[in-house]
Amino acid sequence: MTVSRRSFIQSAGFSLAGLSMKSESKIAGGFVNESFQQGHLLRDRAAFPATRRIEKTQIVIVGGGIAGLSAAWRLQKRGFHDFILLEMCDQAGGNSRWGENDITAYPWAAHYVPVPGRKAVYVRELFEDLGVLRDGKWEERYLCFTPQERLFLYGRWQEGIEPAVGLTQKDRDQLRRFEDQIHAFRATGKFTVPMEVGLSEDTESLDRISFADWLREERMDSRIFNWYMNYCCRDDYGAMTDQTSAWAGIQYFASREPEEKGPLTWPEGNGWIVRRLLERMGSFVRTGQMVHKIVRSGRGVRVFAGDTGYDAAFVIFAAPTFLAPYLIDGLAPLRTFEYSPWLTANLTLDHLPKNYGIDPTWDTVFMESPTLGYVDAMHQTLRTHVDRTVWTFYWALAAGSPSQNRRSLLSTDWNYWKEAILHDLERVHLDIRQCVSRIDIMRMGHAMARPTVGSIFSSERRNLARPQDPILFANSDLSGFSIFEEAQYRGVVAAEHALHRLSYISRPEQFSRLRDAESAK
Amino acid sequence: MGILLFITVLLIAACGLIYELVAGTLASYLLGDSVLQFSTIIGCYLFAMGIGSALSRYIDRGLAYRFVWIELLLGVVGGFSSALLFLAFAYSQGFQFLMYALVIVIGVLVGLEIPLLMRIIRDRYRFRDVVAHVLTFDYLGALGASLLFPILLVPHLGLVRSAMLFGILNAGVALWSTFIFANQLARTAVLRIFCITVLAALCVGLAEAKRITQAAEDNIYADEIIFARDTHYQHIVLTRFKDDIRLFLNSHLQFSSRDEYRYHEALIHPGLSAVPAPRRVLVLGGGDGLAVREILKYPQVESVTLVDLDPEMTRLFSTNPMLTGLNQKSFLSPKVHVINADAFPWVDSNADSFDFIVIDFPDPTNYSLGKLYTTAFYRAVARHLSEQGLMVVQSTSPMFARDSYWCIAETIKRSGMMISPYHVYVPSFGEWGFVLAGHHEYRTPATLPNGLRFIDLKGVPALFQFPPDMAPLSMPPNRLNDQVLVHLYDKDWKDISH
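Residue numbers (numbering that gives the first Met the number 0), protein chains in the order written: chain Z, 0 to 520; chain L, 0 to 497.
Calculated from the structure, these hints are not laboratory results.
Please note: incorrect hints may appear among the correct ones.
A few chain L residues that don't get close to chain Z, going by computed Cβ distances all over 10 Å [claimed, not checked]:
id, residue
1, LEU115
2, TYR138
3, LEU164
4, ASN182
5, PHE193
6, VAL203
7, ARG257
8, GLU301
9, SER302
10, PRO320
11, MET321
12, LYS370
13, ALA375
14, LYS457
15, LEU462
16, TRP492
Covered by chain Z, per the in silico footprint, the following chain L stretches (three or more residues, Cβ under 8 Å) [unchecked claim]:
id, region
17, 340-346
18, 471-483
With beta-carbon atoms standing in for the labels, derived distance ranges [to be verified]:
id, chain 1, residue 1, chain 2, residue 2, range
19, L, ALA276, Z, GLU161, 54 to 62 Å
20, L, HIS439, Z, ARG279, 36 to 44 Å
21, Z, ASN354, L, ILE338, 25 to 33 Å
22, L, THR364, Z, ARG279, 36 to 44 Å
23, Z, ARG382, L, VAL203, 39 to 47 Å
24, L, ALA350, Z, ALA45, 51 to 59 Å
25, Z, GLN180, L, LYS490, 33 to 41 Å
26, Z, ILE26, L, GLN387, 53 to 61 Å
27, Z, GLN168, L, ILE338, 52 to 60 Å
28, Z, ASP386, L, LYS490, 26 to 34 Å
29, Z, ASP89, L, ALA276, 52 to 60 Å
30, L, ILE338, Z, SER368, 37 to 45 Å
Owing to the predicted nature of the structure, the values given are computational and were not obtained by experimental measurement.
Where is the CB? At the ideal position from N, CA and C, for every residue including glycine.
Kindly generate the complete structure, drawing on both the sequences and the hints.
Here you go:
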């Protein structure tokens, strides 16, 4: 009896407090991790400091995202130590950067890796090194906990993101036919992770039309189906289906065959992987070092960062490839590389909002929202009781032209985006303003490569992806899209190639290993 | 005029007795031992009435004025006494002190009433009529109250509202006294405002108490709720029916004091007795201290570490006299170390080794609790188990939730241990299941501690036999990334309730 009285008094108190809070929300925050100002210095050909020192090293890795760190991981693993990694930002990690507050660590962008299939040899090797894969078994605590995903549609929740409630016969038909098609594409072995392993001229025709056109041709155009396809393209490519190559749309679905219920994820997202890598080879990493010029010299190359010039035999260029023409003397402007602007936000929640009949999940998506929903950083906690958390909110500015979206992203203030995010969350979480105490927002003008029509089979992409001494390109955008496995693959391959050319190893391992994986299939 | 006066006497007598009965009943409910409670409360109350009567001689002016004030005070103190005592039991250590203090205050006030009233009206009647009438109606009122209380008030109104109702009567008497003694009072308007204020407060209390008791009646508890609290982590409720105390956490029955010995003896002894020379024991969950009570029956056990999430729970079972009576003050033993922490992170970060580990969590009703029934969790726990050690897991009912039970068994097995599932019958739960696990094959114990009421050496092997309706089923293991158990559990219990 006493408790009912108490809870009555408490609820009365809360509702009064709620009224006063509703009138004025005190949500702190601002823009964080901005790096476009530095990028614009390159674009605008600003003056950089004169060179005062010259350092010699065999290999310079430019860019400390997953591609650069993977190259470093590979070099170190081979016992090679004569290299350095230069990172423009104060924190390494690139799209796998993370943050931390008194509640939890949380991601700033990439937040999971699908459980790698057999062909992702290097990813599996990395995960064996990091204790994620042991004796062929995936470590349970790094796999996404149940319940994984939920979708809010028609004013209710469902488990999973693929729409499953309120489907018409037509929707069901199209989903089933799509699955059959994907199954057939998967069986060809031409859609793989990494993409380079299976890439075949047989599939080039798919790169000549947009995913939207392909779906229309295949009569898969129901409203629900379209929403789902657009959601997937926005999620992985930051683009809508009509701006995505059909090849890339099919790749999203046909390239993976999960061997375990996943994905792999951590509170700080892929930042966890970056942390483990930095623990192993942080001493090679120099942050806050913006490379402003790369010139070929004699048989090698000289890299300028700040007032230091680095004389090296090889450069592994792991920074986004669109920066290359601004840095590398004599490189022609790029024609086919396009990037999507993104916005991510980390929301600190001092209370959990009401859940309306469903357990909180790792990933939450709202149908008919322009955003991608949010991921709960506390989902991977081992605790049974959680009362505060951090949500990472994702918003790919997918519709319309990227350059226009970039301009509007950079010309609007924090308050505008804060309100836009809260409005979006209020579709479902009516009490969100009473729960959130802080919203930090990260704007990225060139967040992810867009696999536009023709980009996969473009000669420009394939030329840059081919190792050409002494500058080896390694960013994931050379695959046409930005995902962890592609970045890791390209970093490792570049490292292997450089070691081979330096006669440090007799032959690069990847070709034989990948062929073995091919024939094992 | 005369009859009104004597009805006043009847009412105030009834009020006085009701407060006394409320206190006695509450104390019996909450503390048990009704003979002791009623005897001491009646004794204190009568003694305090004597003090009141004795004090009445020091009042010589303004008799009617003071009478009105005494009635008002009685209305407030008596009316809220029951609610105050419930709150004190729930939120403080000072229940008994407050109870006797209230009984004495009420007794003194009631002791003042009759002598004052007699003196107020002595000029209107002959002395022998005053005494005869006042005492007649006094005893009549007492009879009425003593019959009303068990037959109507407790069953239909409950203790909180009964006290409030009679508080209202007391305050009503005060108000109407301002009219019948108007000629002996000055500033009656002010007095009446006070009376109406007190009446209003009590009416609000009565209405509020009604809401609260209705909520209590709507829920599942068949018996009188003697304690209820929302802690940071859970909703704790204790009920009592005669000598049966039941603990509910988030509406799930945890034990009934009548048969919990069956559950806790079965949880501890088949395993702990089979461990050679057990010195260090870990209990995960079990904040009621009942499992620890059984563990302390082994003198060779040097330390018991208990990890329970909820500090309120372990505090309650360390301090509340009724509950420490149940667990025999097990938490006060110097061997016992209580740690309030979330079990999985604690297990994950601690490095100690234990000879016997008891895992006694609430059933896997949601994904949060489900984490404590996964291969990842059992693997983490197994790292703490000494070479010859054993662990035992409360694993829900193999009868009512057969899929869930065998899923838990499979999960423990997949974490790399040898398992021995067993079950017992606990009347308040039904058939209940446990799983013993260790690095080696389990062998039934050769000896048991003295004084067990349920487990004996002859009966132990039979616990490991499962009849066909509870026989093993092939189930997938429960994993962090694929919590099948929560779905199975939900389905199992839904099937039963339909």
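So, going through the hints one by one against the coordinates:
Residue-level check passed: LEU115(L) sits 35 Å from the nearest beta carbon of chain Z, beyond 10 Å. The claim that TYR138(L) lies off the interface holds: its Cβ sits roughly 33 Å from the closest Cβ of chain Z, which is beyond the 10 Å cut-off. LEU164(L), annotated as away from the interface, keeps every beta carbon of chain Z farther than 10 Å; the closest lies near 16 Å. With a cut of 10 Å on Cβ distances, ASN182(L) stays outside the contact zone with chain Z, its closest approach being about 43 Å.
Look at PHE193(L): its CB is around 26 Å from the nearest CB on chain Z, clear of 10 Å, so calling it non-interface holds up. Its beta-carbon lying about 12 Å from the closest one in chain Z, VAL203(L) satisfies the requirement of being farther than 10 Å from that chain. Residue placement check: ARG257(L) keeps its beta carbon more than 10 Å from all beta carbons of chain Z (closest about 23 Å). The beta carbon of GLU301(L) sits about 29 Å from the closest Cβ of chain Z, which is more than 10 Å, so the claim that it is off the interface holds.
Here SER302(L) stays apart from chain Z, with its beta-carbon at least about 25 Å from theirs, past the 10 Å limit. No beta-carbon of chain Z comes within 10 Å of the beta-carbon of PRO320(L); the shortest separation is about 18 Å. No Cβ of chain Z comes within 10 Å of the Cβ of MET321(L); the nearest lies about 16 Å off, and the non-interface call holds. In this structure LYS370(L) is not separated from chain Z by more than 10 Å, as the shortest Cβ-Cβ distance comes to only about 6 Å.
With a closest Cβ-Cβ approach of about 4 Å to chain Z, ALA375(L) is found to fall inside the 10 Å limit, against its non-interface label. Even its closest Cβ contact with chain Z, about 39 Å, leaves LYS457(L) beyond 10 Å, as expected for a residue assigned away from the interface. Its beta-carbon lying about 29 Å from the closest one in chain Z, LEU462(L) satisfies the requirement of being farther than 10 Å from that chain. The beta carbon of TRP492(L) sits about 17 Å from the closest Cβ of chain Z, which is more than 10 Å, so the claim that it is off the interface holds.
Given as covered by chain Z, the region 340-346 of chain L passes the check, having 4 residues with a CB less than 8 Å from a CB of that chain where 3 are the minimum. Coverage of the region 471-483 of chain L by chain Z holds [criterion: at least 3 residues with CB-CB distance below 8 Å; count 5]. Taken as a hint, the range 54 to 62 Å holds for the pair ALA276(L) and GLU161(Z), whose Cβ atoms sit roughly 57 Å apart. The beta-carbon spacing between HIS439(L) and ARG279(Z), approximately 39 Å, falls within the hinted interval of 36 to 44 Å.
Roughly 30 Å separates the CB atoms of ASN354(Z) and ILE338(L), a value that falls within the hinted 25 to 33 Å. Between THR364(L) and ARG279(Z), the C-beta spacing of about 42 Å keeps the proposed range 36 to 44 Å intact. Checking the proposed 39 to 47 Å range against ARG382(Z) and VAL203(L) shows it holds: the Cβ atoms sit about 41 Å from each other. For the pair ALA350(L) and ALA45(Z), the supplied restraint of 51 to 59 Å holds, since their beta-carbon distance comes to about 55 Å.
One distance hint, 33 to 41 Å for the beta-carbon pair GLN180(Z) and LYS490(L), holds here, with the actual separation near 35 Å. At about 57 Å, the beta-carbon gap between ILE26(Z) and GLN387(L) stays in the expected band of 53 to 61 Å. Between GLN168(Z) and ILE338(L) the beta carbons are some 58 Å apart, a value that agrees with the proposed interval 52 to 60 Å. In this structure, ASP386(Z) and LYS490(L) meet the distance hint of 26 to 34 Å, their C-beta atoms being roughly 29 Å apart.
Distance hint check for ASP89(Z) and ALA276(L): the Cβ-Cβ separation is about 57 Å, which falls inside the suggested range of 52 to 60 Å. Between ILE338(L) and SER368(Z) the beta carbons are some 44 Å apart, a value that agrees with the proposed interval 37 to 45 Å.
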